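Top to bottom, those sequences are chains A and B.
Counting from 10, one number per residue, gives the positions in the first sequence under the numbering used here.
Counting from 93, one number per residue, gives the positions in the second sequence under the numbering used here.
For the record, the hints were derived by calculation from the structure and aren't laboratory data.
Note that the structure is predicted; figures quoted are calculated from it, not measured.
Using N, Cα and C, we set each Cβ at its ideal position, and we do this for glycine too.
Please note that the accuracy of each hint is not assured.
Taking CB as the label site, the calculated pair distances span [said to hold, decoys possible]: (1) A:Cys72 <-> B:Asn253: 52 to 58 angstroms; (2) B:Trp159 <-> A:Cys72: 17 to 23 angstroms; (3) B:Arg269 <-> A:Gln39: 29 to 35 angstroms; (4) B:Pro362 <-> A:Phe87: 43 to 49 angstroms.
In silico BS3-like links for lysine-lysine, alpha-carbon gap of 25 angstroms or less [claimed, not checked]: (5) B:Lys382 <-> B:Lys361; (6) B:Lys382 <-> A:Lys59; (7) B:Lys145 <-> A:Lys59; (8) B:Lys145 <-> B:Lys122; (9) B:Lys157 <-> B:Lys445; (10) B:Lys157 <-> B:Lys361.
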Amino acid sequence: MLIINCPYCGERPELEFAYGGQAHIDRPVQPADLNDEDWTGYLYLRENTKGVHAERWRHLHGCARFFNALRDTRTDHFLATYKVGEKAPEVTRS
Amino acid sequence: MQRFSALSLLRHGLGRHQGWKPQWRNAQPKPGYDAIIVGGGGHGLGAAYYLAKVHGITNVAVLEKGWIGGGNTGRNTTIIRSNYLFDESAALYDHALQLWEGLSQELNYNVMFSQRGVMMLAHNIHDIQVFKRHVHANRINGVDNEWLTPEQAQEFCPSLNIDPNVRYPVLGAALQRRGGTARHDAVAWGYARAADALGVDIIENCEVTGIRRDANGAVLGVETTRGFIGSRKVGVSAAGHTSVVMGMADVRLPLESYPLQALVSEPVKPIFPCVVMSNTIHAYMSQSDKGELVIGAGTDIYTSYTQRGGLHIATHTLEAICELFPQFRRMRMLRNWGGIVDVTPDRSPIIAKTPVKGLYVNCGWGTGGFKATPGAAHLFAHTIAKDEPHPINAPYTIERFRDGFMIDEAAAAAVAH
Numbered sequence: 010m011l012i013i014n015c016p017y018c019g020e021r022p023e024l025e026f027a028y029g030g031q032a033h034i035d036r037p038v039q040p041a042d043l044n045d046e047d048w049t050g051y052l053y054l055r056e057n058t059k060g061v062h063a064e065r066w067r068h069l070h071g072c073a074r075f076f077n078a079l080r081d082t083r084t085d086h087f088l089a090t091y092k093v094g095e096k097a098p099e100v101t102r103s
Numbered sequence: 093m094q095r096f097s098a099l100s101l102l103r104h105g106l107g108r109h110q111g112w113k114p115q116w117r118n119a120q121p122k123p124g125y126d127a128i129i130v131g132g133g134g135h136g137l138g139a140a141y142y143l144a145k146v147h148g149i150t151n152v153a154v155l156e157k158g159w160i161g162g163g164n165t166g167r168n169t170t171i172i173r174s175n176y177l178f179d180e181s182a183a184l185y186d187h188a189l190q191l192w193e194g195l196s197q198e199l200n201y202n203v204m205f206s207q208r209g210v211m212m213l214a215h216n217i218h219d220i221q222v223f224k225r226h227v228h229a230n231r232i233n234g235v236d237n238e239w240l241t242p243e244q245a246q247e248f249c250p251s252l253n254i255d256p257n258v259r260y261p262v263l264g265a266a267l268q269r270r271g272g273t274a275r276h277d278a279v280a281w282g283y284a285r286a287a288d289a290l291g292v293d294i295i296e297n298c299e300v301t302g303i304r305r306d307a308n309g310a311v312l313g314v315e316t317t318r319g320f321i322g323s324r325k326v327g328v329s330a331a332g333h334t335s336v337v338m339g340m341a342d343v344r345l346p347l348e349s350y351p352l353q354a355l356v357s358e359p360v361k362p363i364f365p366c367v368v369m370s371n372t373i374h375a376y377m378s379q380s381d382k383g384e385l386v387i388g389a390g391t392d393i394y395t396s397y398t399q400r401g402g403l404h405i406a407t408h409t410l411e412a413i414c415e416l417f418p419q420f421r422r423m424r425m426l427r428n429w430g431g432i433v434d435v436t437p438d439r440s441p442i443i444a445k446t447p448v449k450g451l452y453v454n455c456g457w458g459t460g461g462f463k464a465t466p467g468a469a470h471l472f473a474h475t476i477a478k479d480e481p482h483p484i485n486a487p488y489t490i491e492r493f494r495d496g497f498m499i500d501e502a503a504a505a506a507v508a509h
């Protein structure tokens, strides 16, 4: 089981968390201007990186807040967790 | 190809079994092929076989980065069924099931296909309604499925606990008698042997590292760890790594890859005659011909390429198994493993042309790719050979997400993806 560092509560077991998919996906500012291809990208196309992946998590059984994380999907090793609204920290992408 | 028969077994027996030859050549890559399949799993090997057998395209290479059957083909729970809800899905999976029924004869290779029946348990009023709807929809589509009372379910699977006082009592079951299991390795080996006999080159330890395209964007061939191999037709059948391979041609697909786990017990004498699945408490189990109880767990909640998964996921499934089959509480689990499955937003596969000319993809099978192996391979070969889909896989495009024609089996499949 993974130990995940919630930026608000500290390190907790994976069971307390819910996964929220890829992070930093901006909601369209002018939805009416989007064509079908843009909508497909916004709704369905996600990064499926083999390597460092920026993603959302929610500390469901703790503070219940969303936060973001950088995780290496080859090892499941968390490189960083950070609060919503913050930029992703620079990490060594080995 | 050396044909297998009682006579050949006897003849080789007299020669102390020293005369058997390798079942496929150790092919070296040629500079070019009429078609290349990326991925040497059951789907990829089968596609190469049908390209040669059905469409007469024999100058074909199958490129496998590891060894034959070392990916998801060797990492699944071997269950076969076709009781899907929607018309498109029923057509697709039953096409596969019909091919399974003649596969050992066709390949002259015993894939140990055993139609022992797949029983899905209902534990609450919603399960009953959903499964009865499945039964009716399946029968309209010519797919066998029937409703059983708890007593009939126990009669079919005597070790099932139907005590009404457990936490999730069995209230009924849907049974597909034509469903069952097959030997996963034998499927890969059988297709490899049969494809090789028709001239297909099976190239192991050959990882694709790039896709080369001409000035107009059409496919010219693939870069590999063993050099460039040219072909105007490239079919990608790389399961969990589809996103990685398709990224080499700048094609983005609506896919996310997750670990899916399974585990087996120590082998015991025959005790479990069928396949039993429960969606609500997530258990599914069968007994291999070697005697192991083969148990499938769910996917992890996050995307990953680790081929491992968290142990608590497997534990959750074992808790459900122990409630349904209390007599297995003391069984020891020998090993567990994870495969990487690529999942689409509607939980149905993609078997289609791509925006890149000459590039085709078979992916997105989620947790249910093994059962579809012959059907997917057959339809993928058709799509590559004709440069257009077969009517059965015509709905399984990439564009269905843009156009809103999704085949939403996420809610309709019997086990959560």
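Checklist entry - Is it true that the CA of B:Lys145 sits at most 25 angstroms from the CA of B:Lys122? => result holds (21 angstroms)
Checklist entry - How does the Cβ-Cβ distance of B:Arg269 and A:Gln39 compare with 29 to 35 angstroms: does it lie in that range? => result Once the Cβ atoms are compared, 55 angstroms apart, the range 29 to 35 angstroms for A:Gln39 and B:Arg269 is violated.
Next on the checklist: Would the hint linking B:Lys157 and B:Lys361 be met if the CA-CA limit is 25 angstroms?
Outcome noted: Violated, because 37 angstroms separates the two Cα atoms, which is more than 25 angstroms.
Next on the checklist: Check whether the Cα positions of B:Lys382 and B:Lys361 lie no farther apart than 25 angstroms.
Outcome noted: holds (9 angstroms)
Item to check | Cβ distance range 17 to 23 angstroms for B:Trp159 and A:Cys72, holds or violated | outcome: violated (47 angstroms)
Checklist entry - Taking the CB of A:Cys72 and the CB of B:Asn253, does the distance hold inside 52 to 58 angstroms? => result violated (40 angstroms)
Item to check | Restraint status (C-alpha distance of B:Lys145 to A:Lys59 at most 25 angstroms) | outcome: violated (36 angstroms)
Checklist entry - So the hint says 43 to 49 angstroms: do the beta-carbon atoms of B:Pro362 and A:Phe87 match that? => result Since the Cβ atoms of B:Pro362 and A:Phe87 sit about 45 angstroms apart, the hinted range of 43 to 49 angstroms holds.
Next on the checklist: Given the hinted pair B:Lys382 and A:Lys59, is their Cα-Cα distance within 25 angstroms?
Outcome noted: violated (36 angstroms)
Next on the checklist: Would the hint linking B:Lys157 and B:Lys445 be met if the CA-CA limit is 25 angstroms?
Outcome noted: holds (23 angstroms)
Checked against the numbered hints above, the structure violates hints 1, 2, 3, 6, 7, 10; every other hint is satisfied.
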